[in-house]
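Asks: Sequence:
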Amino acid sequence: QLMCSSVQKALFEEEDRVKKLQQKVATLEKRNKQLRDRVKKVKRSLRQARKNTRHMEQINRKLSEKLSSVGGQIPYINS
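One rule links them: number in the working numbering = place in the sequence shown (from 1) + 347.
There's no promise every hint is true.
Stated by the list, open to error - Below, computed lysine to any residue pairings styled on SDA-like, alpha-carbon distance capped at 20 Å:
no.: 1; residue 1: K398; residue 2: L382
no.: 2; residue 1: K367; residue 2: A357
no.: 3; residue 1: K387; residue 2: E376
no.: 4; residue 1: K387; residue 2: R397
Since the hints were made in silico from the structure, they are not lab data. These figures come from a predicted structure and were not determined experimentally.
Assemble the whole structure, with the sequences as input and the hints as a guide.
Replies: Pasting the structure below:
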């Protein structure tokens, strides 16, 4: 009886430990998913920002080309 109860107690303790570890794993998996999603969003934002930057640089180049071609045609008035 005494041996049996100590084995039972050890078994209950082990089951409790396993349950706590499973809860911890579930919590960590959830957090991991949240972080993966956040990384995905940040990467998407970075791609979009780079795309916007390239687009703005292209617009600036075109404007500069227009300005330099127009600048030679317009006489400056000195006052």
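Asks: Identify every previously stated hint that the structure contradicts and give their numbers, smallest first.
Replies: 1
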